[in-house]
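Model the full structure from these sequences, guided by the hints.
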Amino acid sequence: MKKPQNTFCGQVHRREFLKDLGGGFASLGLAGMLAQDGFFQSKAMAKEMAGFVNPLAPKDPHYKAKAKSVIFLFMYGGPSHVDTFDYKPKLYPLDGKTINVKTFGRGGKRNKSRVVGPKWKFKEYGQCGKLVSDLFPNVGSCVDDIAFVHSMTADSPIHGSAMLMMNAGHLLSGHPSLGSWVNYGLGSVNENLPGYVVMLDKTGGPISGAKNWSSGYMPASYQGTVLRSQGSPILDLENSHGMNRLEQRTILDHLRNVNEGHLSERYDNTNLAARVASYELAYKMQASAPEAVDIDKEPDHVKKLYGIEGSRTEDFGRKCLLARRMVERGVRFVQIYSGGNHNDANWDAHGDLVKNHTYHAGNTDKAIAGLIKDLKQRGMLEDTLIVWGGEFGRQPTAEYAKGTGRDHNSYGFTMWLAGGGIKGGISVGETDELGAAAVTDRFHVKRLHATILHLLGLDPNALSYFYGGLNRRLVGVEGAEPIDKLLA
Amino acid sequence: MTSKRFIKVTLTAPIIGLSWLFFSIAPAGAEPTSPEALAFWKKEAKPLLEQSCWKCHGAKERIKGDLRLTTRDGVLKGGEIGPAVDLEKPESSLLLKMISYKDEDHEMPPLGKLKDEEIAILEKWIQMGLPFDPEDEIHGKDGGHEETAAGSNTQVNERTMSHWAYLKPERPELPEVKDKNAKHPIDRFIISKLESKALKPNPLASKEALLRRAYYNLIGLAPSPDQVKDFLSDKSPDAYEKVIDELLASPQYGEKWGRHWLDLVRYAETNGYERDSEKPNAWRYRDYVIRAFNQNKPYDRFVQEQLAGDELPDKDADSITATGFHRLGIWDDEPADRKLARYDYLDDILRTTSDVFLGMTVGCARCHDHKIDPIPTKDYYSLLSFFANVSNHGKGGTNLVKVESFTGNGQFQAQYDQWKKREDDLRKQLDKIEKEFLEELELRQPEIKVSKPGKNTKVKQNVLLHDARTGQVNWNYTTKKPENHWFEIAFDDAKWETGKAGFGAKGTPGSIVRTEWRTGEIWLRTSFRLGSVPNNLSLNVHHDEDVSIYLNGKLIKKLSGHVSKYETHDVSKEAADVLQTGKNVIAVHCRQTSGGQYVDVGVATSDNYADLASLMRKFGRDYIGDAAVKSYRRFEKDLTNHSAQKPSASKYDVMAVAESGNHVIKVLRRGNPVLEGDVVQPAFPSVLRPPEAIIPDDYKTPRTSGRRRVLAEWITSKKNPVSARVMMNRVWQHHFGRGIVRSTSDFGFQGVPPTHPDLLNWLATEFMAKDWDIKAMHKLIMTSVAYQRSSAPNKVNFEKDPINDLFWRFDMRRLTAEEVRDSVLGACGTLNLKPGGPSITPPLPRIVLATASRIGAGWGKSSPEESNRRSVYVKVKRSMQMPILINHDMADMDTSCPVRFATTVPTQSLNMLNGKFMNDSAKLFAKRLREEAGPDPAAQVAHGFKIAFSRNPTDKEIAAGLAMIKDIKEKAGISDEVALERFALLALNLNEFIYLD
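Those protein sequences? They're chains A and B, same order as listed. Counting in my numbering, the first sequence runs from 1 upward without gaps. Counting in my numbering, the second sequence runs from 1 upward without gaps.
There could be a bad hint or two in this list.
What the hints assert, rightly or not - For lysine-lysine, the following DSS-like pairs were computed, each having C-alpha atoms within a straight-line distance of at most 25 Å:
{"hint": "1", "chain 1": "B", "residue 1": "K395", "chain 2": "A", "residue 2": "K109"}
{"hint": "2", "chain 1": "A", "residue 1": "K109", "chain 2": "B", "residue 2": "K102"}
{"hint": "3", "chain 1": "B", "residue 1": "K193", "chain 2": "B", "residue 2": "K795"}
{"hint": "4", "chain 1": "A", "residue 1": "K284", "chain 2": "B", "residue 2": "K969"}
{"hint": "5", "chain 1": "A", "residue 1": "K423", "chain 2": "B", "residue 2": "K55"}
{"hint": "6", "chain 1": "B", "residue 1": "K115", "chain 2": "A", "residue 2": "K485"}
{"hint": "7", "chain 1": "B", "residue 1": "K339", "chain 2": "B", "residue 2": "K506"}
{"hint": "8", "chain 1": "B", "residue 1": "K64", "chain 2": "A", "residue 2": "K485"}
{"hint": "9", "chain 1": "B", "residue 1": "K55", "chain 2": "B", "residue 2": "K102"}
{"hint": "10", "chain 1": "B", "residue 1": "K315", "chain 2": "B", "residue 2": "K651"}
{"hint": "11", "chain 1": "A", "residue 1": "K102", "chain 2": "B", "residue 2": "K506"}
What the hints assert, rightly or not - Partial chain A-side listing against chain B, Cβ under 10 Å, derived:
{"hint": "12", "residue": "S141"}
{"hint": "13", "residue": "G261"}
{"hint": "14", "residue": "N269"}
Please keep in mind that the hints were generated in silico from the structure rather than gathered at the bench. No residue lacks a Cβ here, since even glycine has one placed at the ideal position from N, Cα and C.
If you want it as structure tokens, here you go:
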């Protein structure tokens with residue numbers, strides 16, 4: 001197995017560290033690649049450029065990967081598992097009864113609460129006969145490709161820290177997010193697009209905003225890039241003063257000429273060359289990114305598959321379709337938020353559960369199923385890993401004296417995965433009969449992260465980054481194993 | 001289904017604990033080696049352990065919690081929390097506690113609770129005395145964490161204590177060198193190494209390059225064309241030294257070097273997490289740091305103030321502001337586990353302290369002994385004890401402390417202006433509505449002005465201005481003799497203090513003191529509003545002693561001596577010609593010579609008259625409408641509140657440390673707050689052979705334990721083996737682009753060893769010999785030849801020493817994020833050098849604002865002029881940052897950042913070429929070129945070079961520039977004007993602009 005990268009801890013890697021810090025963590029691979037393209041006029045210079053590593057240049061995985069890319073469908077706010085995928089028949093008749101049950105949510109810890117029976121019926125779907133609620137009929141039709149994990153646990157039932165836990169593996173702010181780890185470990189195969197993109201809800205970002213796709217203590221080159229599904233997709237992709245492409249090319253040519261003159265007297269400074277190269281890459285990105293996000297070219301039947309037909313499913317459908325197009329072009333990690341802002345603008349159903357979940361499931365169900373089906377028909381599902389879930393689930397009981405709202409629940413909740421080396425048509429782990437807490441095969445969020453890294457060919461316990469006197473890992477110092485039962 | 005069991009547990013009374021019954025019914029244990037015991041092992045216990053426990057506890061290389069359950073000894077020895085099984089008291093065995101799932105923090109196996117019958121098996125196994133077939137044992141390397149290779153350095157012993165970084169720096173002799181020109185002490189060390197490797201260092205850099213280097217290095221800005229010209233024409237031998245002195249004296253110096261410090265102390269103005277809420281007045285800490293660098297505060301004092309500024313015997317406003325250091329970190333206002341969060345909070349302070357001041361990663365020893373360095377967990381908690389009583393962070397203004405000082409409040413003017421603007425706005429709004437109302441009143445009830453004796457024969461006072469007995473009235477006051485026209489209506493008293501009446505010394509008979517006044521004289525001003533002019537007017541006055549009262553500029557009453565209660569004076573006659581509708585100004589002067597002192601004045605009328613407020617209440621709705629009256633009331637209320645918040649020139653709130661309680665710190669196993677171990681006392685890291693940490697009684701203050709002062713004094717003692725070296729290495733780092741120890745916050749065994757250990761020791765001893773004088777060290781370093789060398793390549797040297805370990809040249813560096821933005825503003829000529837004050841929030845593109853859960857929340861809109869201030873004043877909001885800064889690797893401030901990255905990615909280029917800020921700036925830059933260089937394009941190009949690159953262009957370069965403009969113009973079909981803007985944009989994008997030689 002390959003040694004973890006960039007550990008100046010290991011003496012061998014010290015030089016690598018030196019390059020990273022201060023002296024310029026240059027994306028010299030950019031220069032390297034362009035040198036091979038004959039970009040640099042002087043051969044001597046091209047030679048100087050070769051042999052350096054771009055932080056985002058593709059890297060070999062630790063072992064053979066099942067998945068090349070990840071699409072993380074983040075149901076921000078925390079969907080209720082007992083109303084979606086975790087069928088609890090005994091919960092229905094308890095509706096309205098006050099029972100002893102240990103819960104911990106926004107409202108603190110409780111030992112007794114009023115049950116809110118599940119508000120939707122469940123039906124059997126697929127060969128596997130998986131029971132799925134009426135909230136997700138379309139996802140229901142895909143269950144044979146899906147592995148459900150009903151026994152997820154997390155350390156916090158509070159949005160702020162729980163979001164950071166799900167995205168970066170720690171309750172404390174300041175750690176790199178999952179997408180950053182993936183880009184750090186594998187690089188990006190398409191230098192014309194960011195390797196890690198995030199699509200936000202139109203109502204706003206999730207709480208803590210950019211911290212959710214931050215690269216933490218790693219260089220900013222690994223952070224997520226916000227991608228818009230409408231309008232100019234990436235910040236500053238278009239010139240703010242309306243400069244056209246020819247004009248820009250002209251300026252870039254001059255920029256390059258002058259920079260090369262500057263470089264010729266400083267030929268051993270690879271950072272300068274990298275910066276020259278980065279302008280060319282930006283130029284290429286300007287050409288390819290709009291094409292990548294241009295979903296108008298997609299045939300109608302595909303758009304329809306995702307629910308892009310002017311209805312409420314259009315917004316999330318566009319994002320899912322964009323995600324496919326991104327993955328198709330080599331983007332490693334795509335995260336789409338369902339829900340933004342606060343309260344009922346996301347899955348955080350404290351008040352009226354029926355209204356909230358009907359709305360959010362209704363916006364996403366068709367699009368999600370469309371994504372699975374589309375990837376499958378293109379043969380892409382086998383190496384694209386889809387992850388669905390929120391930062392936690394919801395309690396089987398009511399939060400307030402009246403109403404159907406449920407408080408947060410990190411003792412047990414459901415997430416599901418599909419494609420990319422996942423065994424379809426299975427369910428692992430269980431919550432108790434109320435859905436209050438995971439009891440069998442309890443899997444901490446770290447196990448999910450370990451599974452995702454593992455499927456990408458990265459050893460979760462070896463992928464580390466030296467920072468602050470310690471080899472840091474996404475899965476923490478204690479480490480975590482992938483969930484074997486999920487693997488195909 | 002296991003869930004059946006669970007439902008019983010959840011729905012009925014506590015069933016947990018029933019399993020303990022098994023003890024009474026389990027057969028008493030035979031000898032653990034008996035055949036039946038071994039059979040039980042083979043058949044029952046082993047398969048269960050194998051399936052549920054061994055995977056993490058012995059069967060694999062990685063062992064969790066240091067607990068090996070695959071050998072009998074391992075079980076008895078136990079792991080990090082203690083022995084798994086207690087054969088003396090089997091029923092209290094830790095293992096049984098774990099599998100019972102009774103304690104949320106101790107549940108094993110983690111995947112799910114064992115079945116009751118499985119638990120019974122383990123209970124029986126323990127009861128039987130742990131039968132364990134030796135053949136089944138799996139042995140391995142224990143203490144089984146990684147990095148065991150470095151494990152030999154983790155003990156505190158003679159060998160590890162003599163690690164170079166832990167020894168007190170001895171002043172080395174200056175090395176003898178062949179190069180007779182190497183006279184500067186620093187050069188002696190550098191040249192000595194170069195000679196030993198037979199490397200010939202670079203010659204001196206050009207004067208232009210050196211000037212630009214020095215400017216950016218000390219003030220973070222480029223020299224202006226004039227400054228370049230002056231330097232080039234100054235042929236005196238000390239021309240360069242003079243520049244250094246000027247730059248060190250410049251107020252911009254603190255803005256540049258203060259930022260380096262802010263990186264280290266994780267400076268941010270919000271708390272992070274869900275609300276990313278404000279840290280009120282955090283910016284005062286930033287201003288303190290800038291001021292400290294500008295004042296050249298000795299480093300020892302600087303450190304003491306930050307750690308214990310509230311405990312120092314000569315504490316002042318600045319030293320208290322400095323303790324904001326403790327409050328800068330991330331803080332979750334809604335943690336899942338409050339106890340843990342408390343330790344997380346203290347941990348953040350400890351980590352920052354040990355990383356920054358000691359260059360030691362003590363934080364790594366929180367859960368277990370440090371895996372690389374000789375720092376035991378006990379040392380972590382001993383160090384933590386110094387901070388044990390630091391009070392919890394809180395919401396809003398919890399951490400604010402009021403301090404009094406003039407020196408620390410250079411921002412008064414800015415705040416005051418801001419405050420005054422709002423006050424004027426509110427007054428204008430009020431005036432407008434009043435005017436409208438009074439016009440209507442006049443029209444509809446002209447008689448209201450006429451005196452009409454009430455039906456009520458009893459004379460009733462209508463209060464126009466409350467005295468202290470009936471209301472709380474704000475007055476502006478001063479105790480320093482004001483200008484002669486101080487009593488006039490138009491006099492601007494806004495810079496006076498504001499306080500509530502009455503004024504005086506407590507205890508004066510009949511007084512109600514709300515604002516203390518103890519000096520000889522006081523001048524007071526306030527106003528009241530009238531809807532109509534009353535026919536009579538009286539003053540309610542209490543005075544001790546002589547008082548003069550003015551109404552709208554006219555002296556209407558003079559009283560001498562003192563009284564012991566309020567008295568009423570009729571001033572109808574005196575006031576008749578000056579009373580007016582709207583605002584009336586009362587001005588009071590009081591003087592006292594001895595004894596108690598007091599003054600308060602109220603205004604009333606016995607007229608059946610209504611003041612503006614009551615008239616408004618009565619008729620307002622009818623005359624000007626409900627909405628207007630509502631607005632009026634709102635503005636009135638706002639004005640009252642606003643007046644009370646008038647910035648004070650001498651008193652202000654700072655974010656500071658506080659202590660509460662007297663907390664005992666215990667070692668926490670695995671860093672887990674529920675696994676409390678031995679009590680520890682404050683102590684310094686043992687590997688440094690420190691003195692005992694004794695807290696003298698007189699270090700205690702009424703509110704604090706004195707512990708932090710002891711820590712601060714140890715850190716800044718000249719006997720401390722690490723502090724001076726760590727700081728000098730940082731100073732060196734920011735001169736040369738890298739430390740002599742490149743891992744500047746980690747001098748431990750995995751840190752990068754110093755390239756010039758003797759030089760570092762020499763610098764450290766010199767630093768202390770100069771009494772921690774940072775500016776002196778800057779000058780010393782910058783006057784070395786090593787600092788002044790050219791950055792040019794040299795093939796031979798490059799091959800031998802590609803990363804310039806030996807300083808054979810000066811390393812080029814990219815401008816920092818702040819320098820990039822400031823330089824662009826500088827080139828435009830729009831950079832606003834206004835210092836200090838609340839942070840600015842320049843405009844951000846919508847795509848960035850929309851990343852917040854409440855779009856754009858917490859990011860205000862600074863005026864264009866404010867937006868052009870230096871980047872060190874841009875608000876550091878944890879969840880939102882300016883793209884141009886983040887793209888150029890500004891520090892992530894969730895933790896201390898000792899060394900910044902310098903990444904190069906295409907998104908930077910997109911931003912630099914396409915972004916609004918850059919394109920707007922290019923326009924301004926071009927405009928400046930036209931204005932300053934005149935219409936000649938060649939002159940414009942030449943001027944552009946001088947501004948952007950701090951040097952004179954060659955003729956060839958000017959020609960190339962002109963050709964470029966022509967080419968862009970022709971190809972794009974744009975005007976001359978736009979073409980020059982494109983040229984300007986190009987210049988701001990060039991490597992020469994962004995990289996320093």
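Now the hints, each set against the structure:
| no. | hint | result |
| --- | --- | --- |
| 1 | K395(B) to K109(A) | holds, 22 Å |
| 2 | K109(A) to K102(B) | holds, 16 Å |
| 3 | K193(B) to K795(B) | holds, 19 Å |
| 4 | K284(A) to K969(B) | holds, 23 Å |
| 5 | K423(A) to K55(B) | holds, 23 Å |
| 6 | K115(B) to K485(A) | holds, 21 Å |
| 7 | K339(B) to K506(B) | violated, 45 Å |
| 8 | K64(B) to K485(A) | holds, 21 Å |
| 9 | K55(B) to K102(B) | holds, 23 Å |
| 10 | K315(B) to K651(B) | holds, 15 Å |
| 11 | K102(A) to K506(B) | violated, 58 Å |
| 12 | S141 | violated, 28 Å |
| 13 | G261 | holds, 9 Å |
| 14 | N269 | holds, 6 Å |
Violated hints, listed in ascending order, are 7, 11 and 12; each of the other numbered hints is respected by the structure.
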